[in-house]
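Protein chains in written order, with my numbering: chain L, 45 to 166; chain D, 45 to 166; chain H, 45 to 166; chain W, 45 to 166.
Fair warning: there could be bad hints in the mix.
Repeated chains share a single entry, so a pair holds when one copy, or any two copies, can fit it.
[What the hints assert, rightly or not] Below, in silico cross-link-like pairs of lysine to aspartate or glutamate (EDC-like), each with a Cα-Cα straight-line distance of 20 Å or less:
id	residue 1	residue 2
1	140	129
2	137	124
3	140	93
4	137	94
Read the hints as simulated data drawn from the structure, not as lab findings.
All values derive from a computational prediction rather than experimental measurement.
Number of protein chains: 4
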Amino acid sequence: MTIDRLQALLAEFAAERQWERFHTPKNLVMALTGEVGELSELFQWLTAEESSAILDDPTRRTQVEDEVADVFIYLLQLADVLRIDLLAVAEAKVRKNAQRYPSDIVRGRAVKSSDLDRNARD
Amino acid sequence: MTIDRLQALLAEFAAERQWERFHTPKNLVMALTGEVGELSELFQWLTAEESSAILDDPTRRTQVEDEVADVFIYLLQLADVLRIDLLAVAEAKVRKNAQRYPSDIVRGRAVKSSDLDRNARD
Amino acid sequence: MTIDRLQALLAEFAAERQWERFHTPKNLVMALTGEVGELSELFQWLTAEESSAILDDPTRRTQVEDEVADVFIYLLQLADVLRIDLLAVAEAKVRKNAQRYPSDIVRGRAVKSSDLDRNARD
Amino acid sequence: MTIDRLQALLAEFAAERQWERFHTPKNLVMALTGEVGELSELFQWLTAEESSAILDDPTRRTQVEDEVADVFIYLLQLADVLRIDLLAVAEAKVRKNAQRYPSDIVRGRAVKSSDLDRNARD
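The task is simple: from the sequences and hints, build the whole structure.
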């Protein structure tokens with residue numbers, strides 16, 4: 045399976061159901077939000093340790109896999125309607141982040157780029 | 045570029061910055077939420093038509109590509125720490141959805157599976 | 045200050061800027077998503093303990109107060125355009141939850157109502 | 045009903061179920077995310093017009109009221125554990141926004157404050 049093949053499957057799935065007209069970028073972003081919300085619900089009351097072990101429970105494993113899949117599916121559909129190459133933009137962003145968060149400055153610290161920017165402007 | 049290669053790059057990026065301890069599944073789900081929120085902000089006031097044309101504006105294009113990339117990046121990291129195969133679970137979910145939403149029943153209608161379930165139980 | 049007075053202030057604020065046409069329920073839900081995303085970003089890398097002490101840091105206090113305010117503001121505007129009485133629906137929901145989660149059954153356990161429903165159906 | 049009274053009811057509700065230990069600020073932000081996700085799902089495939097008329101359908105009305113209530117409930121609990129006065133911070137934010145978005149500059153235009161900031165720095 046590849047990203048391209050999945051996107052083709054999803055396009056076919058939507059076409060068979062005449063769902064293309066619902067799949068505007070705006071609507072797909074909302075659908076993505078819904079799925080991230082469902083994923084959050086599986087983790088919201090867990091400690092960090094419980095969250096790391098969540099797949100040990102077979103019921104939770106199925107739920108997490110389903111929600112992770114749903115998030116990915118809507119992201120693939122969004123990228124498809126916008127004609128964005130997911131792998132290319134992610135690679136470009138990783139390189140941008142490497143410059144934005146120099147390892148000697150941020151090592152071991154959780155930082156937001158807006159905080160770094162603020163410091164840089166000071 | 046491939047998913048595996050991107051996940052390796054991201055793991056290396058996090059290791060160099062000693063950020064692995066922040067990357068619990070729970071924290072990564074919250075980070076995913078943050079990025080989906082930023083993506084939503086780009087679309088929130090747009091009409092459906094404007095949302096379809098958003099990439100025609102070079103500034104918006106860069107912003108959308110960056111946010112889509114960020115969502116994908118956190119999803120890749122989440123899948124990596126959970127040892128979930130993104131392509132495999134997405135393919136399985138597409139097949140499950142094909143059964144859950146029979147095209148002759150849902151054609152042209154936006155439905156939620158919970159609504160179908162409710163009808164099925166009635 | 046009261047909820048009604050805040051909603052009146054916000055309606056006036058939007059009218060002065062001719063922003064009413066942007067404030068459809070759908071758009072306001074997306075705006076709410078954006079603000080919850082910004083709130084999440086403030087908490088995503090924190091431990092539970094750090095999250096409880098977040099307001100001790102003056103910079104973080106301002107950020108958290110601002111984001112909590114933004115979430116509330118969009119919720120007030122959403123309720124206003126939908127003509128939903130926030131206090132009334134919340135009170136009704138608390139009573140519904142009291143029945144849905146009997147204290148003798150759920151005491152000390154984090155549960156999702158969908159899990160309770162599943163058990164109830166078994 | 046008032047915000048204070050609702051917060052007292054919710055605190056009592058959580059205490060009876062011994063759920064206080066789950067209600068860290070971090071966890072409540074995730075719970076808020078989950079509810080905003082459920083709210084999004086009700087609106088994701090609707091046009092702007094359909095979203096404005098959503099309460100005309102009695103089933104949808106109950107669903108929307110329930111989800112709006114859930115978002116408000118978690119926001120009230122979050123504000124309570126953080127000792128944030130919701131009405132006060134919202135009022136302060138409205139005043140801050142009035143300065144940030146001068147009506148003569150933003151009239152009729154949807155703007156993000158980050159865009160205004162960018163222009164201001166240019």
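Which of the stated hints cannot be reconciled with the structure, identified by number in ascending sequence? 3 and 4
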